[in-house]
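> Turn these sequences into a full structure, and let the hints steer you where they fit.
Sequence lines, in order, name chains A and B. Going by the working numbering, the first sequence opens with residue 1, and the numbers climb by one from there. Going by the working numbering, the second sequence opens with residue 1, and the numbers climb by one from there.
Incorrect hints may appear among the rest.
[As the list claims (entries may be wrong)] Straight line, CA to CA, 25 Å or less: simulated DSS-like cross-link-like pairs of lysine-lysine:
#, chain 1, residue 1, chain 2, residue 2
1, A, Lys98, B, Lys68
2, A, Lys67, A, Lys3
3, A, Lys56, A, Lys67
4, B, Lys24, B, Lys68
5, A, Lys40, A, Lys98
6, A, Lys68, A, Lys3
7, B, Lys24, A, Lys41
8, A, Lys98, A, Lys67
9, A, Lys68, A, Lys98
10, B, Lys78, A, Lys98
11, A, Lys41, A, Lys98
12, B, Lys24, A, Lys98
13, A, Lys40, B, Lys24
14, A, Lys57, A, Lys37
15, B, Lys78, B, Lys68
16, A, Lys41, B, Lys78
17, A, Lys67, A, Lys57
18, B, Lys24, A, Lys37
19, A, Lys40, A, Lys57
20, A, Lys37, A, Lys67
Simulated from the structure, these hints should not be mistaken for laboratory data. Predicted model only: the values in this text are computed from it and were never measured.
The primary structure of each chain is shown beneath.
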Amino acid sequence: EDKVVQSPLSLVVHEGDTVTLNCSYEVTNFRSLLWYKQEKKAPTFLFMLTSSGIEKKSGRLSSILDKKELFSILNITATQTGDSAIYLCAVLIQGAQKLVFGQGTRLTINP
Amino acid sequence: DAGVIQSPRHEVTEMGQEVTLRCKPISGHNSLFWYRQTMMRGLELLIYFNNNVPIDDSGMPEDRFSAKMPNASFSTLKIQPSEPRDSAVYFCASKVSAQSSYEQYFGPGTRLTVT
Chain A
1 EDKVVQSPLS LVVHEGDTVT LNCSYEVTNF RSLLWYKQEK KAPTFLFMLT SSGIEKKSGR
61 LSSILDKKEL FSILNITATQ TGDSAIYLCA VLIQGAQKLV FGQGTRLTIN P
Chain B
1 DAGVIQSPRH EVTEMGQEVT LRCKPISGHN SLFWYRQTMM RGLELLIYFN NNVPIDDSGM
61 PEDRFSAKMP NASFSTLKIQ PSEPRDSAVY FCASKVSAQS SYEQYFGPGT RLTVT
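This is the structure we're talking about:
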């Protein structure tokens with residue numbers, strides 16, 4: 001069974017801290033790994049990673065994939081209260097077009 | 001541009017009642033996905049359609065759940081009879097069906113409470 005596991009499940013930090021969110025996966029036919037941010041409503045897309053070792057960056061957020069060790073990390077530097085959300089990791093299965101999601105990490109940034 | 005539209009946004013019903021959730025995908029998107037999100041299990045894929053045809057319904061929990069897509073602009077997810085354990089947020093998502101397209105666009109979700 002395809003599986004995506006995120007850690008930690010919950011994280012509380014102070015504004016300005018740097019956080020690292022983890023995502024590991026075991027799937028039969030890996031194509032890509034995606035990160036989503038979910039605030040009060042629907043998940044919104046952050047990054048897609050397909051190749052190992054290539055960092056994707058958007059402002060204070062960055063992510064990298066390790067296809068040998070089967071994991072990805074999402075880094076957020078200089079966190080702000082607006083970064084508070086659930087961060088979802090998902091793996092796109094080759095040929096199937098479907099996403100398998102992890103449980104999510106609930107990140108809370110306190111002022 | 002309108003995104004994915006779901007209705008109702010909130011539904012409260014009693015155990016045993018039939019519930020129908022509705023979704024209108026983004027115009028031009030040929031793939032449609034139904035997900036369920038709970039605290040315990042996270043976001044789970046229930047079923048997805050390509051060009052109105054169900055491709056993978058392995059995530060549908062049991063026979064009480066059924067989904068249809070009668071045309072390219074409308075899909076329903078029905079639960080009959082509903083049970084308290086069906087309480088969750090149900091998301092619909094759509095995307096362009098090409099293999100090279102990966103990004104799914106999510107609707108706002110329907111929060112279902114079965115008492």
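> Check each numbered hint against the structure and report the violated ones by number, ascending.
Hint check: nothing fails, all pass.
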